[in-house]
Each structure stands twice: as C-alpha cells, then as structure tokens.
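Visitor: This is what each chain is made of:
Number of protein chains: 2
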Amino acid sequence: MRPVLIGMVLLGFAASAAAGEDDIVLRGMGSFHVGGRIAEVSGKPVREIVRVPGGPPSKLDPNGQFMVEQMYAQYFLPKNRKGKLPLLMWHGGGLTGVTYETTPDGREGWLNLFLRKGWDVYVSDAVERGRAGFAGPDVWQSEPIFLNYADPFERFRIGDGEGSWSSDPSKRKVLTGNQFPVEAYDNYMKQSVPRWLSTDNAIIAAYVALVDKVCPCVLLLHSQGGIFGFKVAEQRPDKVKAIVAVESASAGNVAKAAALKATPTLMLFGDYVDQHPRWAAYKKIDLEYAAAVRAGGGTVDVINLPDIGIKGNSHMLMQDKNNAEIADVIQKWLVGRGLAE
Amino acid sequence: MRPVLIGMVLLGFAASAAAGEDDIVLRGMGSFHVGGRIAEVSGKPVREIVRVPGGPPSKLDPNGQFMVEQMYAQYFLPKNRKGKLPLLMWHGGGLTGVTYETTPDGREGWLNLFLRKGWDVYVSDAVERGRAGFAGPDVWQSEPIFLNYADPFERFRIGDGEGSWSSDPSKRKVLTGNQFPVEAYDNYMKQSVPRWLSTDNAIIAAYVALVDKVCPCVLLLHSQGGIFGFKVAEQRPDKVKAIVAVESASAGNVAKAAALKATPTLMLFGDYVDQHPRWAAYKKIDLEYAAAVRAGGGTVDVINLPDIGIKGNSHMLMQDKNNAEIADVIQKWLVGRGLAE
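As given, the protein sequences belong to chains A and B, one line each in that order.
Going by this note's numbering, the residue at position 172 of the first sequence is 172; the numbering climbs one at a time, nothing skipped.
Going by this note's numbering, the residue at position 133 of the second sequence is 133; the numbering climbs one at a time, nothing skipped.
Calculated from the structure, these hints are not laboratory results.
Treat each hint with caution, since some may be false.
Because identical chains share one entry, a pair is satisfied inside a single copy or across any pair of copies.
Listed next, the in silico DSSO-like pairs over lysine-lysine satisfying Cα-Cα at most 30 Å (straight line) [claimed, not checked]:
no., residue 1, residue 2
1, K321, K311
2, K79, K171
3, K256, K332
4, K332, K44
5, K213, K59
6, K231, K44
7, K284, K171
8, K171, K241
9, K59, K311
10, K79, K321
11, K79, K59
12, K241, K332
13, K256, K311
14, K79, K231
15, K284, K261
16, K321, K256
17, K311, K79
18, K239, K213
19, K231, K241
20, K59, K231
21, K239, K311
22, K213, K321
23, K59, K82
If we strip away everything but chain A, and leave its shape as in the complex, we get (with noise of 0.2 Å):
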C-alpha cells in the first residue's frame, strides 16, 4: 500500500493548485503605464472648486506642470507559454484595449483566447484613449470627436453603407450574412470613446515606448492602430519580430517599407471590403506597402478571409461570431512562421 499512499498524497497535494482545462493559469498578471511627457501650463487663473458635495473648497490651478501623451498596457502571462515572444494588441481609432476583450455579446475575446494558446499577451490603450487619460485643451489646442450610433454601423461595414442606420431597429439595414453580433450593437456601442485627430504622433512616440520596454514581439494591429505599427515597426525593426495587420486603415511609411524585411507580415482582411470604397481605398494602401515591404527583401502574406472560406466579417473581426475562427487562421501563420509551439 506504501507506494500507492505516495502516488495518492502527491495527487493531492498537486491536485489542490490544478486546474481545470477551461481555467487559465498565469504566472503573473499586471499593468502599466509608459511614455509621456511633462507640458507647461502657465498664464490660467486659479479657481476655488468644490469637489466633493458638502465637502470643504479646494484650489484648482490649471497652470503648472502637466503628464501628458502616456500609454496603458495591461499584460497576461499564462503559465503554459507557447508563445516565444509577447504578443501585443494594438485597438482601432475611437476605441480602447476592450476591442480584445470580452466581445459585445459576452463571447471570449482575443485577449483570452491567445492567452489559451499560451500567448504572454499586452493588451493597450493608446494616448488619449481609455485609462491613457488625455490632455486638455491648454495643452493640445485641439477637441475630440464623437461617434454617433450611426457611424461605426454604417462604416465597419455591420449596416450596408450609409443610411444603412436607423433607429428604429426593424430598419436597419445589415450586410446580408454580417458575423457581426449586431443584437449587442448597445454594447458596442458603449465602448467607443472620443478621439483626437491631431494626436497621431504623440500616440506613436508612445508606442515607440511601450516596444522599448517590451519587445521583441509579436504586434497585433486594428485598423488604425495598424498605421500606428506600421510606423513603430520602421523606427524599431530589430525588436517588432512579426506583424499581423487586421484591416489595417492605411499602412506605414513606402518610403520606409524596407525596414520590415525582417519583419514577416499578415495582412487580414474581412468580408464586403471590395464593395466599400472607403475599406477599398485603406485595402489599396495596405497592398501598396506590402509591395514595398517585398522590393525591400521582406515578405507579406495576405489573407482576404472569404477566399479560404470564411465570410461575412465585418470591421471588428475580433468580436464576430466567428472570432475564435479567425484566431485560429492567426495562429496558424503563428506557428507556421516559428514563433509558437
């Protein structure tokens, strides 16, 4: 009986920590900011604010010294690590980190789903999105936008184009076969945040930071965070170690293209991108730099999802209902370029 009471006690007692095979083990999880800079505000009076109903009156003075432009990152490291390099998720214009996370519907996002797959994953918000924080008039001189219901449906191709909205739910007009879960739009719709059009280099100044203090790495880009790597990856070629561009809303810098030839690239495009001339337009870009990437040595691979079967994705490709699909389309180049088990 000895042996066996061995094999049982150490059963046991590993037992106690195991886990599951749908729980996620991480040998660490944690979050950060990075970059940023300190800007002058002088020459403002000072004001006596209450902040605090009933509470006493304090000063606020909108002059001094300032921490502006930073980024946030939140990472995940599963105990089961696959991955050979950090994988970072860089979000789409108007929008934060929670593009990765739980979709609009409650299904799993990318965040969970490569941490699975044994990615160590970097989920961000860029400058002036979501716990970035953002800078004020005195520092930036500028306002941000605001998307209306209409706008991302009639854009990211969930509705068919403009006037496709409506808000009377029983006309709105969806891409026929959309994987879209357009029933959780409200919720969609609840992660958008407002934008600056001005801030382009503040927020890539701060990617610069956020892969100094990173990389090597996988980037993983939306949209237009797709520029945003695209131009990082020139100005850090020895540490973006591959890219994959989902729908990437114009690409880098042609003239600088070259410097990604030891940066293998996919290049991800959804359904009905042909048909929209504005995603045409942004496909076109993205096309002309992948032939500048090639002169220059590199290589780029491009996968229009609905050749290899997969069809009726939108913009938000990441939170479809065939999100999980898609991930494994990734992975797969993932693998097939050495950089997973």
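Please build the complex by placing chain B on the supplied structure of chain A, with the hints as guidance.
Guide: Here is chain B on its own, set in the frame of chain A:
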C-alpha cells in the same frame, strides 16, 4: 507496481495543468460595460474629416443618437474561491480602476492581492473615467478638470500639504515616514485622468446598474468612490452586503443612513489625517454618517491605521509600500464578518 503507476499517471495528468504557489488560477476573466443612456444631439453642422493621413475623407455628423454615461468593469474569478461574494473595487476622483492594479513602483496591487485571497474581483472605471468613455460638451454642457503635478502630491498626504511640491525633487517636502512610493510619482501622475464636476448623478446611476448586474456583493470604496458607494448602498441595501470604505471623501445621505442597518461597514483611515484640515473635514463627515448608520441599527467599525501601529499611509493606501499589510487588515475584518474563509 501497478497502483504506483496509476498514481503517477494521475499525478502526471494533474501536474500538466498544475499551478505553482505564486500562480494565479482563474476559472474565468472578462469585461463588460453597463448602464448608460442614449442622448440625442441635433442642429450641429456636419463636417467632413480625414481620419487617417492620406486616407479617404468621411462624414462626421455631430448630430444623432449617442451612447453616454455607461461604465466599464473587468472581472477575475479565482479557481480557489474563498470570498463568499464578489468584491467590487471602486476608485477615487480623477482616477480609474488602475488604482487597484500594479502599484506605480511595480508591486502587486489590491486586485492581485485579493484575487490571491480567493475573491472574485470586479475592478471598474466609473462614468467619464478610463474605459468608460465620456460624453462631449453637446451632452454634458461642461468641461473636465485636469490635475497638475502639485495637486495630488499636496492634497493626498504625500507631501506636507500646500506648497510641498516642487519641480526640483530635492526641494519636495515629503511627509516624514510616508509610505507612498514617491520615487514613482511620475507613474502615479500617468494614472491620473481628467474628471468632471457635474456627473455625480450619472455616475451613481451606472454604479446602480453595475450592482444590479453583479451583486449581492461587497463594495471596497476609495475616496470619491466612497460617496458613490454609500449612496448606491442606500438604494440597494439588499444587494450590498458589506462595505469597506477606504478614506471615503464624504459619505452618503445621513437621512438615509438607516438603510445600511444590515450592511456591516468598515471605515479605514491612514496617517496624517487629523493634522490636515481637508482630510479631517472628510473624516468628520464619514464619522457623522457612521453615527447615523449606528443610530439606525447598523454597525460601522472604524480603523485609524496609526492606532493599530500602521503608520505613514498616504491617501493612496492601496499603492503605499505597506499595501499588502493593509489588505490583510481588511481581509481580517471580512473574515470576521463571515464573508470569507
């Protein structure tokens, strides 16, 4: 040999998914937005904008329906659950849920520490903070305020009150014995986000929606979050089963305090409170509320940390160098109330 082999095989199976003592094993993690309302804007001119340099122009319509006043929550559910209810962590003014994540100097924050104690933890961003997003001036008719470097340093009992900040580090007057990681104050400033002075009702409405979704629960409140937490508890006394108020910046409505008669409450205060008039004023309001709760049949325990030998705590207790020691004080109280094993 057979029984040993079976034991070893079983052990091997368990070990493949086994977690070490320092690992975090989750049965789930995710995020959601909750609350919010649709606001209508009309009569503003439509603009044409270019969202991406070099990209196609597109219409920006500042009119229409906008989703506003929602809030964000992220949750982590430990496998080895010991807390009997979810623990909701609400941040203070000008901050986000990041307050509870990794500290500015890179140590584990209360999110990780309470997760390790076996609590289902929900960390949220209130309306207009972080990933909750914010509404524009067409909806709120007001502008946010921004905090300069001096403001939290002087107000949050890091420095010794007004005039203690200097842009020259050698001239900063830090409170003697202060536990705040002052060497990482830059990182703390990066966590700071703008706030509005006009959104209290919207914030409370969204918190009520959060409580309706997630609770029964325990609320862990900080600073401005305390005001909101007590007011929400007054509206949902059946769902808020206990409150830990960490330096609540004022409290609920004294006339409604009896609503908390079945909600045991801990009020926790750091060091230097009595000699700083602003904090002494807030504490007085808190203690008057505590008296009103008690008069209504409820129980409020008050812990002044210096009274139990824990000294040097700033207003940002959960980020101070002894944050784990304070988490233990809170845990002990929660266990004593039968809310955790």
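Visitor: At most 30 Å between CA atoms: does that hold for K284 and K261 within a copy, between copies, both, or neither?
Guide: Answer is within; shortest intra-copy Cα gap is 20 Å, inter-copy 65 Å.
Visitor: Taking 30 Å as the upper bound on the Cα-Cα distance, should K241 and K332 be classified as within, between, both, or neither?
Guide: within (16 Å within a copy, 48 Å between copies)
Visitor: Between the shortest in-copy and the shortest cross-copy C-alpha distance, which are at most 30 Å for K239 and K311: within, between, both, or neither?
Guide: neither (34 Å within a copy, 44 Å between copies)
Visitor: How do K79 and K231 come out at 30 Å by Cα distance, when the copy is not named: within, between, both, or neither?
Guide: Neither way: K79 and K231 sit 32 Å apart in one copy and 41 Å across, limit 30 Å.
Visitor: Reference check for the pair K79 and K171, CA-CA at most 30 Å: within, between, both, or neither?
Guide: This pair counts as neither: shortest intra-copy Cα distance 48 Å, inter-copy 45 Å.
Visitor: Given identical chains, is K59 near K82, meaning Cα to Cα at most 30 Å, within a copy, between copies, both, or neither?
Guide: Neither. Shortest intra-copy (53 Å) and inter-copy (44 Å) distances fail the 30 Å Cα cut-off.
Visitor: If the cutoff is 30 Å on CA atoms, where do K213 and K59 land: within, between, both or neither? Let me know, please.
Guide: Neither: 37 Å inside a copy, 38 Å across copies.
Visitor: Are the CA atoms of K171 and K241 at most 30 Å apart within a copy, between copies, both, or neither?
Guide: neither (46 Å within a copy, 44 Å between copies)
Visitor: At most 30 Å between alpha carbons: which applies to K321 and K311, within, between, both or neither?
Guide: within (11 Å within a copy, 53 Å between copies)
Visitor: Classify it for me, K213 with K321: is the Cα-Cα distance of at most 30 Å met within a copy, between copies, both or neither?
Guide: Intra 34 Å, inter 24 Å, cutoff 30 Å: inter-copy only.
Visitor: Is it within a copy, between copies, both, or neither that the alpha carbon of K231 lies no farther than 30 Å from that of K44?
Guide: neither (36 Å within a copy, 35 Å between copies)
Visitor: Should K59 paired with K231 be assigned to within, between, both, or neither, using CA atoms and 30 Å as the limit?
Guide: between (42 Å within a copy, 26 Å between copies)
Hint check: violations occur at hints 2, 4, 5, 6, 7, 8, 11, 13, 14, 16, 17, 21 and 23; the rest are consistent with the structure.
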